[in-house]
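Engineer: With the hints as constraints, model all of the structure from the sequences given.
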Amino acid sequence: MVDSLFPTIDTTDDVASPESRRKRRRISETSKEAAESSSEAQRINEESSKRWRTNRVQQIYASKLIEALRRVRQRSNDAGKITSVAREIRDTADRVLAASARGTSRWSRSILAARVRACLKKHKKAKSKGTRKPRKDTAAERRRVEKLPAVERKLKILGRLVPGCRKVDVPNLLDEASDYIAALEMQVRAMESLAELLAAAAPPSTTLTRP
Amino acid sequence: MMMNGEATTEADLFLNCTDMSVLERQRAHLNNYNHHHPGFFSNSSTINCGEMDGFLASAGLDLPAIYGDTTVYSDARLSASQGNITTESGNFKKRKFGCVETETKVCNEKKKMMMYREVVVDEEEEEKSKITEQSTKNIMKMKMKNKAKKEQNSCSNDSSKVTKDSQKTDYIHVRARRGQATDSHSIAERARREKISERMKFLQDLVPGCDKITGKAGMLDEIINYVQSLQRQVEFLSMKLATVSPRLDFNIDDLFTKEAVSDPMMNLPNTVMPPHMMVNSGYPHDLVNSGYVDFNPMQQVVTSSDPLPCFNNGQASSMWDSDVQNLYSSLGV
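Sequences listed follow chains W and P, in order.
The first sequence begins at 1 in the UniProt record's numbering and counts up one residue at a time.
The second sequence begins at 1 in the UniProt record's numbering and counts up one residue at a time.
Note that these hints are calculated values from the structure, not bench results.
Since the structure is predicted, the reported quantities are computational estimates derived from the model, not experimental observations.
Cβ coordinates follow ideal geometry from the N, Cα and C atoms, glycine included.
One or more hints might be untrue.
[To be verified] List of simulated lysine to any residue pairs, SDA-like, C-alpha gap at most 25 Å: (1) W/Lys156 / W/Ala182; (2) W/Lys147 / P/Glu189; (3) W/Lys156 / P/Glu198; (4) W/Lys154 / P/Gln228; (5) W/Lys156 / P/Gln204; (6) P/Lys201 / P/Asn225; (7) P/Lys201 / W/Leu161; (8) W/Lys167 / P/Arg190; (9) W/Lys154 / P/Ala188; (10) P/Lys201 / W/Glu47; (11) W/Lys147 / W/Arg160; (12) W/Lys81 / W/Ala118; (13) W/Lys167 / P/Met219; (14) W/Lys121 / W/Gly103; (15) W/Lys167 / P/Ser229.
[Stated by the list, open to error] Ranges between beta-carbon positions, derived for each pair: (16) P/Arg192 / W/Arg75: 46 to 52 Å; (17) W/Arg166 / P/Arg193: 18 to 24 Å; (18) P/Gln180 / W/Cys119: 51 to 57 Å; (19) P/Lys212 / W/Arg117: 39 to 45 Å; (20) P/Gly209 / W/Thr104: 24 to 30 Å; (21) P/Phe236 / W/Asn172: 25 to 31 Å; (22) P/Gly209 / W/Thr83: 30 to 36 Å; (23) P/Glu198 / W/Lys122: 30 to 36 Å; (24) P/Glu235 / W/Ala118: 16 to 22 Å; (25) P/Arg232 / W/Lys156: 18 to 24 Å; (26) P/Asp183 / W/Arg143: 29 to 35 Å; (27) W/Leu148 / P/Arg192: 15 to 21 Å; (28) W/Arg117 / P/Thr214: 39 to 45 Å.
Structural biologist: Here it is in structure tokens:
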């Protein structure tokens, strides 16, 4: 089943991927100690993007996604509007994606930590920290913000887009962004094929009548 | 000790160094001290002196030959710079006589020599063919990038600052790049900029349609648009899955069986397994490889699955919570 989700991917990557991932971790560790030459950094970046394209990773993601979605269905109990269910599904998919990252990237840790924090808060019934202090929308503040060079403004926007990367410095932010983009691409591919499969499996006439 | 270890490699590379004027001046200076102030060196760190001579000796350099003859090095530029030495040696000596009365100065001298040797080392490691003034730029750059030699970096930073000031007054100076500053700050700045541009190049490959665009601002625009579009796609697909997924409970295993039958070729090891075990077999493989704790609760869930997979709500939610707790602990937060 999971193989059919990614039929076009080359299967030869499968055998090499666990080793390549282990190697990548070792390489990334050694590179931190040694002087980082440009070629090495590029190799790490390439390996990180290839990581999200290996068949093994896609299989794992697809199977975990299916399981998580099944649990979401169970838990939501066919409740309410489709939009809330959709949001739950998206959050679940993001969490599964972050779990597939195995904690090697900052955005994945942030996604999982946010969920954990929410769970703990539910248990402790503490006040939610979701409300951030809104920035004072004074003219002076706006002028100051707009005076920042264009590149810096865009880097800030990018930091907001990638989860957990608001206060990350520029080179690490770019690294996280590239890893995040590769992961998102894989997520889109998986969800597309899953939706296609499910839609093709049975006629969707019954679902349209749901409130 | 670091210096001794590097002596042999530096020695060979030192010979090929292009611009010898500064080094030669330093050596000349040291040799002057050797000749004229033998007592000085003996009072101060003889160890330093000995090491220096050890360096120079191991470098295979004939000290008197350096500032005397031009035949030692075949590089044409050297011969040109020889003239510099002779003209400036007078001032050189003057300054040195005045300043170098403390041990620390000798240390600095030595470290400057070290710096230049390292500079040469790095240069030779990187570009053996380019022996031009340009290469000194790279030397400085590579050197600053080299994290293993941090302490020497710090010392050489000071020395480079000092020497930059002294450029105007005919003191020992760092070889200036053509049209670029030799500040330690600017060199670090340049290294940082290179890191960023290299990552931008990688992002350019990742994001489709970024080849035509030059400049950081435009590329960042494209990257932001692409990330936003990917996130929107995920939202749209999740909505689509929400409409489709009421059938998830019932049909998934049917789908599994269908696919398993029609697609006997699987990439997992031990492929001869019933469908509900198929997912299971994937996990131990990964467990072995990664030791990821999270897989355990999911494994239990899968093994309990039957052709009619109806979990209790309680079981599902408790599984997820335990899953989350496992994640929490595994992340070491």
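Engineer: Next, verify each hint and record whether it holds.
Structural biologist: We went through each hint and held it up to the structure:
1. W/Lys156 / W/Ala182: OK: W/Lys156 and W/Ala182 at ~20 Å, within 25 Å.
2. W/Lys147 / P/Glu189: holds, 22 Å
3. W/Lys156 / P/Glu198: With Cα atoms ~19 Å apart, W/Lys156 and P/Glu198 stay inside 25 Å; holds.
4. W/Lys154 / P/Gln228: Cα-Cα ~13 Å, so holds.
5. W/Lys156 / P/Gln204: The given pair, whose Cα atoms are some 18 Å apart, holds under the 25 Å limit.
6. P/Lys201 / P/Asn225: holds, 17 Å
7. P/Lys201 / W/Leu161: Holds, at roughly 20 Å.
8. W/Lys167 / P/Arg190: holds, 22 Å
9. W/Lys154 / P/Ala188: holds, 24 Å
10. P/Lys201 / W/Glu47: holds, 15 Å
11. W/Lys147 / W/Arg160: Given pair W/Lys147, W/Arg160 holds - Cα atoms ~19 Å apart, limit 25 Å.
12. W/Lys81 / W/Ala118: holds, 22 Å
13. W/Lys167 / P/Met219: Holds - the C-alpha atoms of P/Met219 and W/Lys167 are around 21 Å apart, at most 25 Å.
14. W/Lys121 / W/Gly103: Holds: W/Lys121 and W/Gly103 sit about 22 Å apart, inside 25 Å.
15. W/Lys167 / P/Ser229: holds, 23 Å
16. P/Arg192 / W/Arg75: 46 to 52 Å: 48 Å Cβ-Cβ, so the 46 to 52 Å window holds.
17. W/Arg166 / P/Arg193: 18 to 24 Å: holds, 23 Å
18. P/Gln180 / W/Cys119: 51 to 57 Å: holds, 54 Å
19. P/Lys212 / W/Arg117: 39 to 45 Å: holds, 42 Å
20. P/Gly209 / W/Thr104: 24 to 30 Å: Since the Cβ atoms of P/Gly209 and W/Thr104 sit about 28 Å apart, the hinted range of 24 to 30 Å holds.
21. P/Phe236 / W/Asn172: 25 to 31 Å: holds, 30 Å
22. P/Gly209 / W/Thr83: 30 to 36 Å: Distance hint for P/Gly209, W/Thr83 holds at roughly 31 Å.
23. P/Glu198 / W/Lys122: 30 to 36 Å: violated, 44 Å
24. P/Glu235 / W/Ala118: 16 to 22 Å: holds, 19 Å
25. P/Arg232 / W/Lys156: 18 to 24 Å: The hint (18 to 24 Å, Cβ to Cβ) holds, given that P/Arg232 and W/Lys156 are roughly 20 Å apart.
26. P/Asp183 / W/Arg143: 29 to 35 Å: Cβ of P/Asp183 to Cβ of W/Arg143: about 32 Å, so the range 29 to 35 Å holds.
27. W/Leu148 / P/Arg192: 15 to 21 Å: holds, 18 Å
28. W/Arg117 / P/Thr214: 39 to 45 Å: At 42 Å between Cβs, range holds.
The earlier numbered hint that this structure contradicts is number 23, and it is the only one.
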